[in-house]
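There are 2 protein chains.
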Amino acid sequence: MRIGIDAMGSDFSPRNEIGGTVLAYDYFSKDSQSNIELSLYGDETEIKNIAKKYNYNIAQFQCVHSSQQVEMTDDPLEILKTKPDSSLYRGLEDLKNGKIDAFLSAGNTGAMLAISTVLLGRINGVSRPTIATLMPTASQKPTILLDVGATIDHRTRFLYEFAIMGSIYAQFALNIPEPRIGLLNIGEESSKGTDEVREAYKMLENSNLNFIGNIEGNDILMGKADVIVCDGFVGNVILKFTEGFVSFLKAKLKSYGSSNLMNKFKLAMSAPTIKNIFKELDYEEYGGVPILGVNGISIVGHGKSSPLAIKNMIARAKELVDNNLTKKIEDSIILNTINP
Amino acid sequence: MRIGIDAMGSDFSPRNEIGGTVLAYDYFSKDSQSNIELSLYGDETEIKNIAKKYNYNIAQFQCVHSSQQVEMTDDPLEILKTKPDSSLYRGLEDLKNGKIDAFLSAGNTGAMLAISTVLLGRINGVSRPTIATLMPTASQKPTILLDVGATIDHRTRFLYEFAIMGSIYAQFALNIPEPRIGLLNIGEESSKGTDEVREAYKMLENSNLNFIGNIEGNDILMGKADVIVCDGFVGNVILKFTEGFVSFLKAKLKSYGSSNLMNKFKLAMSAPTIKNIFKELDYEEYGGVPILGVNGISIVGHGKSSPLAIKNMIARAKELVDNNLTKKIEDSIILNTINP
Chain A
1 MRIGIDAMGS
11 DFSPRNEIGG
21 TVLAYDYFSK
31 DSQSNIELSL
41 YGDETEIKNI
51 AKKYNYNIAQ
61 FQCVHSSQQV
71 EMTDDPLEIL
81 KTKPDSSLYR
91 GLEDLKNGKI
101 DAFLSAGNTG
111 AMLAISTVLL
121 GRINGVSRPT
131 IATLMPTASQ
141 KPTILLDVGA
151 TIDHRTRFLY
161 EFAIMGSIYA
171 QFALNIPEPR
181 IGLLNIGEES
191 SKGTDEVREA
201 YKMLENSNLN
211 FIGNIEGNDI
221 LMGKADVIVC
231 DGFVGNVILK
241 FTEGFVSFLK
251 AKLKSYGSSN
261 LMNKFKLAMS
271 APTIKNIFKE
281 LDYEEYGGVP
291 ILGVNGISIV
301 GHGKSSPLAI
311 KNMIARAKEL
321 VDNNLTKKIE
331 DSIILNTINP
Chain B
1 MRIGIDAMGS
11 DFSPRNEIGG
21 TVLAYDYFSK
31 DSQSNIELSL
41 YGDETEIKNI
51 AKKYNYNIAQ
61 FQCVHSSQQV
71 EMTDDPLEIL
81 KTKPDSSLYR
91 GLEDLKNGKI
101 DAFLSAGNTG
111 AMLAISTVLL
121 GRINGVSRPT
131 IATLMPTASQ
141 KPTILLDVGA
151 TIDHRTRFLY
161 EFAIMGSIYA
171 QFALNIPEPR
181 IGLLNIGEES
191 SKGTDEVREA
201 YKMLENSNLN
211 FIGNIEGNDI
221 LMGKADVIVC
231 DGFVGNVILK
241 FTEGFVSFLK
251 AKLKSYGSSN
261 LMNKFKLAMS
271 APTIKNIFKE
281 LDYEEYGGVP
291 ILGVNGISIV
301 GHGKSSPLAI
311 KNMIARAKEL
321 VDNNLTKKIE
331 DSIILNTINP
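Chains as they are written, first to last, in my numbering: chain A, 1 to 340; chain B, 1 to 340.
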């Protein structure tokens with residue numbers, strides 16, 4: 001198995017990407033059964049200089065040179081025309097041509113989605129590839145929320161496909177045999193919500209999925225469903241609101257802590273707990289999410305990905321290749337479309 | 001000025017309503033200028049019994065008897081037919097007929113919205129009456145978020161009207177001279193979002209409102225805007241998600257606290273801070289929100305309203321009558337429709 005890593009993606013590239021690749025290599029080396037080759041995509045000179053500077057041994061990795069770099073602010077569709085020699089583009093091209101089995105980047109999410117869709121193509125029966133996110137819950141396992149911004153069009157068919165793809169992803173990334181699928185809505189009853197959402201309710205009810213009904217906003221973090229389906233507008237707002245909520249709590253705690261010394265002391269006592277909870281709310285820990293619905297394993301991570309997050313992304317890529325995610329989604333789409 | 005209070009609305013009715021009315025009376029009595037009559041709507045016998053039991057002096061209030069009671073689970077439109085002698089219905093009828101100047105209830109929100117709309121009618125130019133909510137922020141003042149569930153239809157015109165009504169409400173309830181209006185979206189650029197949202201951006205840009213552009217999910221609690229406009233589906237999910245977030249944090253803190261004695265002690269130290277922050281996130285503290293866009297001051301509060309929250313609702317009602325909210329909304333709708 002060969003996995004490609006975009007070395008130029010994250011906010012701390014290529015350092016964190018190199019560090020994460022080294023961590024993954026060490027991790028896989030412990031298992032004599034695994035036979036994985038790791039390739040770094042990016043500016044060869046820069047990669048070598050940074051590796052040298054931080055004492056990373058990269059002799060065991062292939063380095064695939066590219067002269068361009070995708071920025072976080074680049075318009076995804078422009079990149080197709082203007083940056084064909086970027087690490088992100090080259091990696092997805094190699095994935096398309098079968099030179100690698102999976103590609104991952106902590107760079108521009110929109111670019112990963114758009115270029116994966118254009119180069120790899122959509123899986124048969126999939127209207128819109130999507131990106132899921134993992135939300136922490138009050139129970140043990142996280143919940144998969146999708147879509148979170150790829151598709152703001154709220155057509156029923158899209159919601160239905162998100163449910164199918166989310167279910168497969170939950171099975172093979174979270175190891176849940178029959179994932180509970182919830183539909184995000186503004187009430188429990190099937191009569192609630194927009195026309196599109198009510199139609200989606202009916203389709204899901206008649207599908208082969210383990211549909212458990214509507215999920216309201218207050219249940220998202222309660223672990224009531226393994227997969228929660230919504231349109232990308234709502235999903236994106238929730239995803240970002242979660243980030244903003246943590247900033248809000250930090251600001252409030254800070255202003256409390258600065259009010260007097262005793263309060264400062266009290267807060268310092270509980271700081272580790274609070275930090276741990278905030279950490280759970282941090283996307284990065286989960287090590288990236290696959291672009292669901294494209295013909296290939298293409299994984300995108302947070303721009304702030306640490307070396308550990310990059311390592312987790314590589315491990316996730318291996319897992320999804322092992323489980324043949326692409327084929328499983330294709331089969332489930334066919335099954336649930338022919339015989340819903 | 002006469003203010004009517006639904007004594008049968010809250011989860012702890014009529015006790016909390018009576019308690020809140022007594023608090024409001026004491027509060028207004030301090031000001032010799034204020035000349036306010038308070039009327040309790042509900043089952044007269046029950047109100048008198050509860051007042052006696054808890055030693056509330058209600059001799060100074062008028063009691064308007066009604067034989068029926070609206071339940072939280074009642075279908076709003078059914079109530080029109082089946083519960084014309086409920087306290088909620090009677091109160092709104094008296095408001096319509098000018099017997100009182102404002103009416104408030106901590107009962108069924110959907111019923112308050114529907115029956116206020118049917119009995120009082122919409123203000124000229126308003127398509128959909130709406131209910132706003134107040135969100136706490138990292139800065140001093142809360143942000144007004146609307147709509148939060150009344151109108152899930154995301155038509156551009158509706159979003160535009162929400163902005164106009166929210167702006168007036170911010171001026172006269174939060175005392176902000178030129179409220180900053182933000183449009184909830186999935187990116188900063190005007191090109192982002194659904195067709196409806198992009199159209200709303202253009203209309204707001206050309207309006208007389210102090211429109212500051214798009215607001216993303218992570219900015220909602222940051223106090224960047226005084227009023228944030230969205231459709232009722234998204235707003236409802238956010239409102240409930242905020243509630244769920246607090247439950248999530250409580251569950252996490254509890255599981256941490258129970259892991260060992262030292263952790264329990266550490267948490268106990270910071271418990272008051274954390275409780276204060278959670279309290280800020282609690283809707284109840286703000287004392288109810290008006291139904292915007294109907295011909296009359298009709299205010300709805302949380303089912304769990306404490307006597308203090310009821311008192312705050314009464315004070316809010318007085319403020320909005322004093323400021324002639326209804327007329328101000330009508331004028332602003334006309335101004336921004338004729339000359340946007």
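Check the hints yourself; a few may be wrong.
It does not matter which identical chain is meant; a pair holds if it fits inside one copy or across any two.
[As the list claims (entries may be wrong)] PhoX-like cross-link-like pairs, simulated, lysine-lysine; straight-line CA separation at most 25 Å: (1) Lys192 to Lys81; (2) Lys304 to Lys240; (3) Lys52 to Lys304; (4) Lys96 to Lys141; (5) Lys81 to Lys99.
Hints were generated in silico from the structure; no laboratory data involved.
Outcome of the hint check:
With identical chains, the CA atoms of Lys192 and Lys81 are at most 25 Å apart between copies only, with a shortest distance of 22 Å across copies and 44 Å within one. For the identical chains of this complex, Lys304 and Lys240 are intra-copy neighbours only, at 15 Å inside a copy versus 29 Å across copies, given an alpha-carbon limit of 25 Å. In this assembly of identical chains, Lys52 and Lys304 lie within 25 Å of each other by CA distance solely inside one copy; the values are 22 Å within and 62 Å between copies. Taking the shortest alpha-carbon separations for Lys96 and Lys141, neither the intra-copy value of 33 Å nor the inter-copy value of 52 Å comes in at or below 25 Å.
Taking the closest pair of Cα atoms, Lys81 and Lys99 come within 25 Å of each other only inside a single copy of the chain (22 Å); across copies the shortest separation is 70 Å, beyond that limit.
Hint violations for this structure: number 4 only, all remaining hints satisfied.
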